[in-house]
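There are 4 protein chains.
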Amino acid sequence: MHGGILTGRALKAAGVECIFTLSGGHVMPIYEGCLDEGIRIVDVRHEQAAAHAADAWSRVKPGKIGVAVVTAGPGVTDAVTGVANAWRANSPMLVIGGQGPFVNLGKGSLQEMDHVSLMRPITKWAGACYETERIAEYIEIAIRHAISGIPGPAYLEIPMDILMNEARWDAPVRTIPTEAPRIGPDRRQAEKAVELLRQAQKPMMMVGTSVKWSNAQQELRAFLELTDIPAYANGMGRGMLPHDSKHLFNATRRGAMENADLVILAGSVLDFRLAFGQSIPKDAKILQLEMDYTLVGHNRAADVALVGNLAVSFDVLSEAVRGSGGLSFTSYADTLRAQEAAKKTKDSSTAASDAVPIKAARLCSEIASVVTDDMIVIGDGGDIVAQTAKVLPVPKNGYWLDPGPLGTLGVGMPFALAAQIAHPDKRVLIVYGDGSFGLNGFEYDTAVRHHLPIVGVIGNDAAWGQMMRPQKGMYGRRLRKTRLH
Amino acid sequence: MHGGILTGRALKAAGVECIFTLSGGHVMPIYEGCLDEGIRIVDVRHEQAAAHAADAWSRVKPGKIGVAVVTAGPGVTDAVTGVANAWRANSPMLVIGGQGPFVNLGKGSLQEMDHVSLMRPITKWAGACYETERIAEYIEIAIRHAISGIPGPAYLEIPMDILMNEARWDAPVRTIPTEAPRIGPDRRQAEKAVELLRQAQKPMMMVGTSVKWSNAQQELRAFLELTDIPAYANGMGRGMLPHDSKHLFNATRRGAMENADLVILAGSVLDFRLAFGQSIPKDAKILQLEMDYTLVGHNRAADVALVGNLAVSFDVLSEAVRGSGGLSFTSYADTLRAQEAAKKTKDSSTAASDAVPIKAARLCSEIASVVTDDMIVIGDGGDIVAQTAKVLPVPKNGYWLDPGPLGTLGVGMPFALAAQIAHPDKRVLIVYGDGSFGLNGFEYDTAVRHHLPIVGVIGNDAAWGQMMRPQKGMYGRRLRKTRLH
Amino acid sequence: MHGGILTGRALKAAGVECIFTLSGGHVMPIYEGCLDEGIRIVDVRHEQAAAHAADAWSRVKPGKIGVAVVTAGPGVTDAVTGVANAWRANSPMLVIGGQGPFVNLGKGSLQEMDHVSLMRPITKWAGACYETERIAEYIEIAIRHAISGIPGPAYLEIPMDILMNEARWDAPVRTIPTEAPRIGPDRRQAEKAVELLRQAQKPMMMVGTSVKWSNAQQELRAFLELTDIPAYANGMGRGMLPHDSKHLFNATRRGAMENADLVILAGSVLDFRLAFGQSIPKDAKILQLEMDYTLVGHNRAADVALVGNLAVSFDVLSEAVRGSGGLSFTSYADTLRAQEAAKKTKDSSTAASDAVPIKAARLCSEIASVVTDDMIVIGDGGDIVAQTAKVLPVPKNGYWLDPGPLGTLGVGMPFALAAQIAHPDKRVLIVYGDGSFGLNGFEYDTAVRHHLPIVGVIGNDAAWGQMMRPQKGMYGRRLRKTRLH
Amino acid sequence: MHGGILTGRALKAAGVECIFTLSGGHVMPIYEGCLDEGIRIVDVRHEQAAAHAADAWSRVKPGKIGVAVVTAGPGVTDAVTGVANAWRANSPMLVIGGQGPFVNLGKGSLQEMDHVSLMRPITKWAGACYETERIAEYIEIAIRHAISGIPGPAYLEIPMDILMNEARWDAPVRTIPTEAPRIGPDRRQAEKAVELLRQAQKPMMMVGTSVKWSNAQQELRAFLELTDIPAYANGMGRGMLPHDSKHLFNATRRGAMENADLVILAGSVLDFRLAFGQSIPKDAKILQLEMDYTLVGHNRAADVALVGNLAVSFDVLSEAVRGSGGLSFTSYADTLRAQEAAKKTKDSSTAASDAVPIKAARLCSEIASVVTDDMIVIGDGGDIVAQTAKVLPVPKNGYWLDPGPLGTLGVGMPFALAAQIAHPDKRVLIVYGDGSFGLNGFEYDTAVRHHLPIVGVIGNDAAWGQMMRPQKGMYGRRLRKTRLH
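Residue numbers (my numbering), protein chains in the order written: chain D, 7 to 491; chain B, 7 to 491; chain X, 7 to 491; chain F, 7 to 491.
Hints are supplied without guarantee of correctness; some may be wrong.
Any copy, or any two copies together, can satisfy a pair, since identical chains are not distinguished.
[What the hints assert, rightly or not] 25 Å max Cα-Cα, derived DSS-like pairs, lysine-lysine:
#	residue 1	residue 2
1	198	291
2	67	18
3	198	70
4	18	291
5	113	365
6	70	396
7	198	252
If you are wondering where the hints come from, they were derived from the structure by calculation, not from laboratory data.
Take these sequences, add in the hints, and give me the full structure.
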């Protein structure tokens, strides 16, 4: 079997159903391997879209890994943004890149480049396979690193002749796992956490990205049922609780944090989104649940940390709470519930404005009104997404997608391609800004070619809205003439 | 003055007339600096276009440096392909990238990333400036490295607060050179070269990329006038000789090389385009003219090498030829001229075909018929560019642009933006493949917003043509169903 | 307080008792901080020794972190071998390196170098602190990464002026943990492991490095008490079981592995020491206990993996065994015990040889006879260490030290310095080869200056013994004349 | 032929006479290749010495390249300091490093490490050869990069099995050049330089490192004969002019610089040794001669730059001076000469002191009295070298060696080994500090084994003298108790 066939078989062994690619000479043998194994090949118009789609695949298919296959040189460089976005969003994915023939290494073959060095700073693992018979081994290594600890992208380069040479299928590779075994905190650590809870009167929880990558929705809900601690979502924490859950709070976040004596960081890191930890009162305690110890105490020390998969951590914690006789924060939660209700009433009036041009709040509320519970909704933009995020209910299935902390514009259609192919039975909606739309708007062609009934709505303010306001403030109207708003 | 103003002044000191950018928060102060200095700000729809345009600016404005300014995170990653393309094409350019505030280094600010490590493998210099008062110094360093030896891109990161802080303009920076001082080979080396020439009977010259970056057209022509050695162009060597020069050969290249007893590599490297040196007869001698010694003897040893700017090398060589009593290869050249004429007659008939759908040769010859001598022509594609390159005359001004050895698809409109702004008096024509068009086709919006009357022609075969043929051969029709042709 | 004082305070907060250094101008302020905090300063004669000593400190003080402080330029480069050795041995340690002033970054100050890039490939984290007030924060970050997952070295660079500038002590930094919270496998995974055990008839365990770094001796012993599975030690697994434990086997390893139907890799990786997994029978099952998932299945897939601190894993596993009704392999273990006894009798006769020059076996057995149960024994060499390792009992305290998988020669005295200072009540013995002794033999000066009564014994064969034999075989006697044996 | 034989042949083709190594299994086949070709193998006691010796070889054998061969893992890491020192001193050298078998890449073979990434930041080129038949090609590439532009070290890794496999000698590799062809500035640039000279009244020249690497002594002297510009030496500029040359000045440097209206930087960079250019008066002009444009204008802009080999630059410059009618600064030079003479008389009295313990000045003057004109003198230390450098005449052959700008302690005996082997007819003297001696003092064993009659003199102040003084000033006597002085 040639290396392309081996690649296809290894991908199959990893449960891959679909690869995203743009037709390229260096990686052509892989296509044949995929066809053999019944792996769908989705060809896009720019490799950035392939990488974004692989990222999204991992998001909407928990436990599976998205795969992009890109040709050497510009194929790989075009994928960089997608890889970087997955890196910052902790999305496990595999990018297989082409390369000139191994026998011509360093000689300057067509599109030869040092791709591995380029990918190293934005991947959990980047390497090259130089022997056909080791292809499956390398694919396993790449995926293993992608899914270990805090997940992220891996990059594997396979030179053209290695893909074309023949080798035997290395028998012992049966299944390539795409989920790491669950690990969790020691019981003693959970007991310390319960002590912290016991001392608290106004606790709050920030539900963040690692809840998503731990696939810990159920265990999170069970813990909240047990304790009634008010929870707020940020980052990929959005969607981890149903939008109509009584445990999910939104409008009262600032006040709750200002008054908190205990903040539970459930997979929420203290980066810019939480003012590097400075918005938490100085004397408040911190209980941090994270997948990897390297994130614990980043920017501010945690009083107790539960490290591991958050599903396990919530389980262990719930057990410890029950073991210690139970705990309830219902009366505090109810106070906040009342405040939430009050705010909601207030907001609904501005959303009804008939002003022309249309107010963002009105637009968003109109969009919100069509969102159904098994839709997948994707936000791609600056201002419009900030607005939408406030109003739009995350569907019951939990799939709200946005780029994540890298804030990459242009993820809309690439994410949608993956979402629609992964879930053909659901509707996929993109909410775009007019700036964002430009970056990968051409991928509508891909949607059409692949018969994917994706709907996009553009909030068009004919400006880079998020830039326009500070520019006005700082530099006056001058800059606006240069179209940079 | 804040750092943005200092940046603008330093760019002005480097003779920068125009920056390419996509509006971004991290780099906003630079816009103000540019406005102050009368530097035009061209905003595009994807940072890849900004980087490609900066690359092209350096190509169409010899001695000047193209500049892209991109915001942190996805702004920088989106520019990677453009930087990589310039890297492989030896195009000097400067990319200034944003970054989160220096005071929050490593804390996870919005779009914070290790951009410098990412850029290092594809730049001649990549670094960060952490003090406002050193901004001009760093811009000088970055440009100095970009233009030294074999030119290429440089990357400078300036964190947001460093751009916003105030400092005094460091007086001694007057002018930042964007051309390295000319250096050239020792006379003794030129004498050895003349000896080689004297022993040759069927010499040929490959005119390549470094002739372009040495700006050595005039000196090349003088040398050819003196010796009448037949010259062929590849890479960026295209355009270095007028298309109607009697010294420029094309159709006879294979035969001339098979028979050559001396090949003069004038800035042509022995990479895949010359079969790593294997298409040169084993016992033929090699005279190599290169800008940097690291390229000398790559893949095959040179018998004599002239290192330095090729303008100087041709000058020194011509002088040595004259000093040794002169040399002429006219009779050999005339034999080849006769063969060229014969081939041209033969080709013209296929170019007249009326077949439907249109033959590529016919399309190209139609396009050729409208190319005028002060046009700038850009090829962006695979098959169509290969076809076009055979037929299309490079305009008198010498500006034929294609991506270069990285073979990046999608450079069309980004290159055209730069070309048209740099030369408002010329017409700019893009010859596209239908695949290529998709990658940055959205930049037509930029052309429209900036009133740039660029014309693009698409050769539409509704396929990735260069892939389709090998796929048919290797994998039969099966792959075609998956739309990968 | 100046940065040196802040550094001293942060080290104190991390429980550091001692730093290893060689007097250097760039890091001088740190010495003052250490004196203030009562941290002992041990100055050596070559920075390599400082790094090796820091590595050894972490090995002989479980839960603590060894620290080396080295000056810029050659101070850092001299430490590279020590860092690389710790990297491959998974030894957590902190190296603080000097640098020229931040204000002169990139200007070419004395001994300025890009130390961080140099250290990156051999550390778990490498970075620079550019603000005096963030020194403690960076020390915490560096240590956090060093102790996370699979432990290893971290490198922190602090420029000279940052150490000299003044800042306030950042109040919230109280204690810097030097042990990561314990994590362990999910119960369900342990149940799968018990199933594997239940199907086995001839299981064996390889006790390796991660048992050491998990500090899991007690839990390991409890598991062996429970099941009586025969255990063999390799790498840093040596010393994890007392030399007279009935569960520790040695001479029967090859046979036990050939017959095994289940191999338990307790922190033993399948690298060259286990023939990349090929010495395990093809149809044998593998149960792997590792600290980090990235090591699981490396070179050969594991049937069941327990990921986390091995103390937790053994606990969970023992519990599961008990929960499932218990398991015993005593009859199989007894068969092996009989074989072990037979071999031992056989070996003891060769150890009594009176041949001159002395046989290695005799030398080693003589050394063995003086090793007492609270000694620390260090092997530094090739042949002699291989011989010693067979005969020498690891003392009861468990401290046998050798370089680990990097096989670094010259660790002897540097390791001994740390061991003797950390445990002034114990005797420290080094077994040297004559080649090894040469690499850092000068550190005897340090031992003398610091009144450390360390004893070294050199096995002198006046040759690089491990090289001599293959050289004879492959190249005959010729090479020997060149002194390379 | 196996790869080791091919390596030996390629080294021979590069004119290598001697390799420095420490016996290691991974690189053993190379020894056989060297024996075949009559290349001397010098085995040392620590790989650091091998690397330093290779550095020194290039310094004392102009146009040749020093080579160290080191085994995988600690062999390579031990060589890091030597490579870094050569890197900063611009010394071309080749380090060939071992690696585990290519077929086991990434599997964790004995001493497997990512050496290439480690070496990249301190080399001009670092790479690995993965095919036996390409060994000679890679050696040529590595050397080519080492000698291009500003020279420096190159690192080539060859895995063990690649060295053991068989291949044919690739015929076309005949001679591997170890000197780059000479390049130099354009005449027009030289004319600008003459204009600068013509406007000056008090010019001075700093003779620095690039004069050495350009091998430009003769051309420098000719230029000084022509113009009588006073010259001062720093860095490796020492020895470029005979110590008794009337053009070489020393004691008047500070004054000459303060009064200079033109400073000629002849291969002297404006790093810490020249206060980053700030010790040159603000309105003084700068004429810079450098080998590579990247160093031009570093830290301060040059008014005119002559780029290329300095031998060529001085030639072109002398020619331009002559062409312009000549220039003479004799009257200014004579004024300085008088000042020099006065200072010398003053210094000689302090050198005669009979104080006990001996004054450094007295020691140095005693040493100076035995230095003969064909000796090679090596300085290895801090204070003592600073003192020695003031008093000791550089021998006529020009060989004064010190580490260079990295200031590496311990280079003494390693440098001496290379110097004595390269020049068996000369005497080699090392002036040591007592601290420095400790770092590689064990290499006396190598000198003895190889019958090299090297003499070392230790200036013993029983302290790290250069640290002692600032420590006293800054921290009082306290630190002294900790032996850190």
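Checked hints:
{"no.": "1", "hint": "198 <-> 291", "verdict": "within (12 Å within a copy, 38 Å between copies)"}
{"no.": "2", "hint": "67 <-> 18", "verdict": "within (16 Å within a copy, 47 Å between copies)"}
{"no.": "3", "hint": "198 <-> 70", "verdict": "between (34 Å within a copy, 22 Å between copies)"}
{"no.": "4", "hint": "18 <-> 291", "verdict": "between (47 Å within a copy, 24 Å between copies)"}
{"no.": "5", "hint": "113 <-> 365", "verdict": "neither (58 Å within a copy, 35 Å between copies)"}
{"no.": "6", "hint": "70 <-> 396", "verdict": "neither (30 Å within a copy, 47 Å between copies)"}
{"no.": "7", "hint": "198 <-> 252", "verdict": "neither (27 Å within a copy, 38 Å between copies)"}
Of the hints listed earlier, those the structure fails to meet are numbers 5, 6 and 7, in rising order.
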